[in-house]
Amino acid sequence: MRLMRLVPLLLVVLFVWTLNHSFSVSLPAFGKILDPVNGILASAEPLHPDFKKEVRLIGLQQPVHIWMDSALIAHVRATNDHDLYYTQGFLHANFRLWQMDLQTRAAAGRVSEVIGAKALDYDRGIRREGMVWGAQHSLAAMEKDPRTKAMLDAYRDGVNAYIQSLKSAGDGFRLLPLEYKLMGFYPEAWTNLKTALLMKYMARDLSGKTDDIAFTLLRDKLGVQAFDALFPERIKGNQPVIPEGTKFESPSLPPARMPTGAIWAHFGKEEISFWHMKGKNQSPAFAESDAPDPLHEVAVGSNNWAVSGAHTQSGRPILCNDPHLGLNLPSLWFEMQLTAPNINCYGASLPGAPGIVIGFNEKISWGFTNNYRDVKDFYEITSVQPLSVSAGNPVVWQRPAAYRFQGKEVPFEQHIEVIRVRGRADVKDTVLYTLQGPVCFDPGFRKTSLDAEPPGHSLIACTWMAHRGTNELLAVYLLNRAQDYPQFQAAITHFECPAQNIAYADGSGNIALWGQGQFINKWKEQGKFVMRGDDSSTLWGADIPVSENPHVLNPPQGYVISANQQVTDSSYPYWYNGDFSEWRSWLIHEKLKDILGQETSRKLSMEQMMRLQNDTYSKLFEETAHSFVAKSSSAFRDQFSGWNGRLEANSTVATRFQLFWDRLYRDIWQDDFPEKIRYPSTEQTLQILLSDSTSAYYDDLSTPQKESLQDIVKRALRESKDSLKKLGQASETKSLEWYAVKNTGLRHLAKIPAFSYEYLPIGGWSNTINACRGNHGPSWRMIVEMDDWPKAYSIYPGGQSGNPGSPFYSDFIEQWVKGTYHTVQFLRADKMDNPLPYTWTLSP
Amino acid sequence: MRFLFTILLIAIVAGIAECFGPWWVAALVAGLSCYFARMHSGKAFLAGFFGIALLWLIVALWRDIPNGHLLSQKMAMLLFKQPTPALFLMVTVLLGGIVGGLSAWAGAQLRKLA
Chain A
338 MRLMRLVPLL
348 LVVLFVWTLN
358 HSFSVSLPAF
368 GKILDPVNGI
378 LASAEPLHPD
388 FKKEVRLIGL
398 QQPVHIWMDS
408 ALIAHVRATN
418 DHDLYYTQGF
428 LHANFRLWQM
438 DLQTRAAAGR
448 VSEVIGAKAL
458 DYDRGIRREG
468 MVWGAQHSLA
478 AMEKDPRTKA
488 MLDAYRDGVN
498 AYIQSLKSAG
508 DGFRLLPLEY
518 KLMGFYPEAW
528 TNLKTALLMK
538 YMARDLSGKT
548 DDIAFTLLRD
558 KLGVQAFDAL
568 FPERIKGNQP
578 VIPEGTKFES
588 PSLPPARMPT
598 GAIWAHFGKE
608 EISFWHMKGK
618 NQSPAFAESD
628 APDPLHEVAV
638 GSNNWAVSGA
648 HTQSGRPILC
658 NDPHLGLNLP
668 SLWFEMQLTA
678 PNINCYGASL
688 PGAPGIVIGF
698 NEKISWGFTN
708 NYRDVKDFYE
718 ITSVQPLSVS
728 AGNPVVWQRP
738 AAYRFQGKEV
748 PFEQHIEVIR
758 VRGRADVKDT
768 VLYTLQGPVC
778 FDPGFRKTSL
788 DAEPPGHSLI
798 ACTWMAHRGT
808 NELLAVYLLN
818 RAQDYPQFQA
828 AITHFECPAQ
838 NIAYADGSGN
848 IALWGQGQFI
858 NKWKEQGKFV
868 MRGDDSSTLW
878 GADIPVSENP
888 HVLNPPQGYV
898 ISANQQVTDS
908 SYPYWYNGDF
918 SEWRSWLIHE
928 KLKDILGQET
938 SRKLSMEQMM
948 RLQNDTYSKL
958 FEETAHSFVA
968 KSSSAFRDQF
978 SGWNGRLEAN
988 STVATRFQLF
998 WDRLYRDIWQ
1008 DDFPEKIRYP
1018 STEQTLQILL
1028 SDSTSAYYDD
1038 LSTPQKESLQ
1048 DIVKRALRES
1058 KDSLKKLGQA
1068 SETKSLEWYA
1078 VKNTGLRHLA
1088 KIPAFSYEYL
1098 PIGGWSNTIN
1108 ACRGNHGPSW
1118 RMIVEMDDWP
1128 KAYSIYPGGQ
1138 SGNPGSPFYS
1148 DFIEQWVKGT
1158 YHTVQFLRAD
1168 KMDNPLPYTW
1178 TLSP
Chain B
5 MRFLFTILLI
15 AIVAGIAECF
25 GPWWVAALVA
35 GLSCYFARMH
45 SGKAFLAGFF
55 GIALLWLIVA
65 LWRDIPNGHL
75 LSQKMAMLLF
85 KQPTPALFLM
95 VTVLLGGIVG
105 GLSAWAGAQL
115 RKLA
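Going down the list, the protein sequences come from chains A and B.
Under the numbering used here, residues 338 to 1181 are what the first sequence spells out, in order.
Under the numbering used here, residues 5 to 118 are what the second sequence spells out, in order.
In case anyone wonders, no lab produced these hints; they're calculated from the structure.
Even for Gly, the Cβ is constructed at its ideal location relative to N, Cα and C.
There's no promise every hint is true.
With the C-beta cut set under 7 angstroms, the calculated list includes, among others, these residues of chain A facing chain B [said to hold, decoys possible]:
#: 1; residue: L346
#: 2; residue: D372
#: 3; residue: I377
Bound-form chain B, shown alone (with noise of 0.2 angstroms):
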């Protein structure tokens, strides 16, 4: 249950941190999440990956359903010389979650210094 919880509130923070500051503000919002949630590094590592990956992937949807895919199918074929979207979206998600799941670890692994 906590677990699920920490997901949701890095999502939502960090969903409302990323309207005021740059991007990396993602990974400060999980790092600082999983420091105070004190998890097991493990853990932590899944509940950021999946809460700034959960983020990325509804505002990705949310900006690429209206828009028809014209621009993740450009962004694709401009990185991957592949005409699909839905690679661009991935490899998008993928990194959002790689950077919470980082910084999320790297949080509960501060925590345990403290």
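Next comes chain A alone, as it looks inside the complex (with noise of 0.2 angstroms):
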């Protein structure tokens, strides 16, 4: 009877065991989290804090300082390069250590490790696109550059010093970022592969998304006529990022010549059925959609534009970039000023990477927007003995061993990936890599984010600028510490994948644009389509010497601008193509030539730069008003006739026109491609609206009567009426503004409600120059003017701490959605004395 006495001790422990105990990520063990003391309460920040520290940390060479404004944007002062990125390392982790870990393990294929089974298909995916072998390439790359791998080291000390420092309170877990708290995992320590694998991260966030194999399935559909039609290389009235008219100089290798013989992949017909949907919108205005993509408009796209000192008011060039990336908390970008010899320069840093990324320093300033120039090939690959694949769930399939190519048998590589998984076994995943690349899709895994997916159980490969080992963190060492125009020249050399536009501007008067990467010497339509991979002659060819990538100095025109347009005239002598998207593009040379046109007396502000940067004028409805829609419908004149045409976030007018082209575009084009792959892109279908009447793509083939355009335009707006009534019951907001229908958030990163951001009451849309879409837009909007010393502006989505339990962890948000800035602060290298609020120095 007295053992009975003991139970109670045996409930207790096993009570506190079940409390400190992590069941799966989202059900976290209360007992810790809930103990204020050392859970998530601790990491519950003043709201007015003494942001005063000293720090002693091994690894330093000589003490430094570092200031910072009461927004927490740090200017960093150190006395040799080491301590530079050491210190820029430390503060990285200090504000965004599980944001840095998360994204490099999801750049790994990793994202299982601490979220489990439900991650497994894009960890697998991320394997297949053979991501870490690149970081690998690119981490041997940067470190024979004595440069980059003292960068490298440095930076990597100051996070691990920072990991150690976590470990200094109670059992450690107290001074834990909060998410490692909830999702019960802790950090591990940094090395240089996860500085390459955010910056594989980043690649593939830019240059990973394809048509190739939407094309193929098209192409074969269509016909190549009707194909290339509907699919130009090139958009009606494009004004390319070099400007026309540029000279080029006469290429240094020989053409390439398209092979003859045998050279596409063909998807049987009979399998078209396999096509599969992607790209499902975000918004809720577009949630019931069944397109591939309601607006055909690709997510990531940016702006970047310089305006010559003719024609500022200063006198003095102004430059000015908003890339347009995920919108997500913690943000994307950190933002501080790097001083030390040889190098005082500001901007946005990039938590995981040294160096700042997009900025400026005492003479130049650049920027950067995506080039979208298809860099990223697939290969069909025919295994020497027939796949063997029985069908069911998960597929069963025989791995050949070899594949043909140039009439031999070649063995596959075969490279076994071991995936950690939480709460279960290890998956092994075989990838099988051929000389063109890792196998990305084979009968066993055909899922992707990134492009159509392939039908039947064909292997296919990929070869990707992104896989080789190439530098981009010595471009922006070099960039940071560029002087003048050569200077910067020489250092973007270096910036290979992802290709950017990369806009310049200096004090001296200069502007530049740059269609800066590697690209290669490509045949017509040369890694368009999918091409067989059986011969040689589909390899990619020479490199193009960077020099004579399309650019452009100090243009007659006075500026130069860059918004994910196709990049040149058709003078160019190399062959390229790309995903290139035009609206921005027009409406920004429209805003600065109708400034510029203007009296000498009205040139050119800052604050004009900042209104142009929050614009949210729709050129889609000005060009829709002008074509056959609105000669053919009075309705449509009678709805729209007053609207100023700007997608304000308040405009009930702009969801009614968004609603109504969405299914204009849709009721043209879904029973043309009843796939459902990719429909032709809006400025193709705009060329239709505007040129003919009678096109034959207006007829719905699936009804027996012949449609006109009136009656698909009458169709349209009777359909978005209904959805805009539905619309009206279903939100969650019950409202029908346009903020509210399209709902642009700030997303936690691990999908945490009550840390994001929702219904942001901002006007835009992708096509507009202020690209705000549901989950993506500006991800920072910087002006600056290359005055003596450089004045600027600029401001991010988000706040400085990615601790959602600190005031800095959105204090940003207000002045981004009304499209205000903060002042820069840009210090002088020889002020001796901090005009800043708080000092942190850290010492040896």
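Take the two lone chains, each set in its own frame, and fit them into one complex as the hints suggest.
Below, the structure written as structure tokens:
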């Protein structure tokens, strides 16, 4: 009986053990997290902190001062490069460690380790894309150059010094970033490979999405002529990144000739039912949508432009940049100034990588937009033995040992990927490698978010610039220190992938724009479709010398601009294709010309540039109103005649127009493309609506009668009215204002709603200059005037701290939504006393 | 008097112990205190309950008030879909109390075994 008294003890032990155990990522250890001493509340930061610190760090060579303003923008002042990057690593980790950790796990296909089997398909996809393989190549390239090796090592040591410091309190739990506590895992040591992975993660985001498989299917279905007409390489009226008429040097490489014979892969027509819809839109307005992407608008885009001093109020060039990327919290960027001998640079840094990615120094400024030339191509691989595949789920198949190439049998290389899965045994996945690259699709794995899903059971390998060992970090290192145009040019040579349109302005009055990246001397249409992998003639040829990349310095038009549009006019000597979009380029050109065309007394000001970055005018609407749509429908004219065409946050007309356009677009194309894989671009659709009142595409093939444009417009108006009604009842906000319908939000990386901000009252769409979609938009807005001492404004959606328990987690959001900026405090290197409220002193 | 003293003792010692160890040392402190304090089970439970609840309440408020309830509101949203910071704090304190109370009760029972 006495032993019964042990029962309470056993019960308590069991109870406490349960509370101390995280059963899954969504079921945290409640005892651990609710304990206010070491748990969640230990991450609650004061609203008005005394943000002064003195820290001793083993590994520093000299004392470092960090001056911070009241928004925690850090100005680092070090006496040597080592300490500079060490401190940057320490600061990034201090504010963003969990984010850095998760993003690099995502880049390595290791998400299952922390969130369990639901990420398995994602991880398998990443491994098949050869992400880690590519990162290892880049790591080797970065560690080969002593400058970037030193930079990486110092940065890594700084991050690890911070990780080490987390262990100093209690049992090592208290100081952990909040999300580690909630999700129940621990940080691991930082490595140089992680920085390489992060760079590849960006390369994937910016150069990973292709049309090759979709186009292969579409061309076989439509025939070459119809395909070329609907999916032209060049949109009529495009205004390329490098202004028309710019003289290109004659090419140093002989033109590549299209091989004769069978070079293309064809997927059998009987397989067409396998076609898979993808790219569902995030917005509730289009949640019911069954089109591949109702507005056919690439999510990732950007704007940059630079205006010559001849056209500005100050007489100095102004450079503007707003890269549109995934909108998440913690934000992608961390704003800071890096000062040491031979470097004084300010801008947006990428937590996880050393240096300033977008910004300016005392003499020059630069900004990026994605270039979108196609640098990722696919090959259908012919295995020597016929593939033995048994139907079922999951598909069981026998991996072949060899493939055919040039009439010979070449053995596959097998990479065995071990994926650790939380709460389950490891999963082993074999990825086959060919001389073209990794086999991304095989019968056992066909999922991807980056292209259409190939039908059937083919083996499809991928050659991708991002697989190469490249050293973009060296470009960043040199850019941060460049003092003039030649040094800028030398710096960007190392920026190979992802290819970027890099705008430039300097204090001497120069402006320039480069379509920069490493490209291949391709024969016409090489890599536009899936190619046969059994012949050497389809392999990539020589690299185009970087100096022959399209570029322009001080063009007569007085400005340069890029917004993901076509890169050059047709006089550029090398053939290329890409996933370009024209709308924002047309708008920016128009607005800048408009301002510059006026009297000289009304020259450009920084304020005008701010308004331009936040402009929500829809060129799509303007063109539609000029097209046969308006001409054929008095109902359309009645509905939209008084509208200013702005997709403003509170506009309900904007909602009506966007819904109408969505329906019209779909009603035109869905019967012609029942496979729902890809529709012609909105630009191309508008060309038809502007030029052809009787196009055969207007007819709905699924009905016996023949529809005219008038019928289709009428139908689209009716349908959009219906969806408007449905939306009013269904939407969370019960509002039909544009912001509520499209729902631009900043969502926490772990998709935790309580740490996210939804329904931000901001206008725009990806075809307006202020390109705010549901989950993509201007991730950083910067305006710099290259005066004797640069003047700059900046803002980004988020805040410097990654901690949801900090007031600095979200304090920039309101300004970003309103379109206002903070004034950059770019401090002189010789300034010896801190004009800002906080000082951190790090000493060895 | 001894009851109040035990509560305070548990709160203070558990607070110090938690600075150096994991959260469950609070349970250990409550259990051991009532093992040595020779209390009746019911009283021990209450002493443990109030001891740890008091500690967790004080620490929670000390963290939450300067934070302007920013995090407790988010946590209340996350756990209970209610933007009510007080709810999160109450659950915190209640959990601390239950852990403390049960441990103290177990300690008192163990004492009777000895």
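Against the structure, the hints come out as follows:
no. : hint : result
1   : L346 : 4 angstroms, holds
2   : D372 : 4 angstroms, holds
3   : I377 : 6 angstroms, holds
Of the numbered hints listed earlier, not one is contradicted by the structure.
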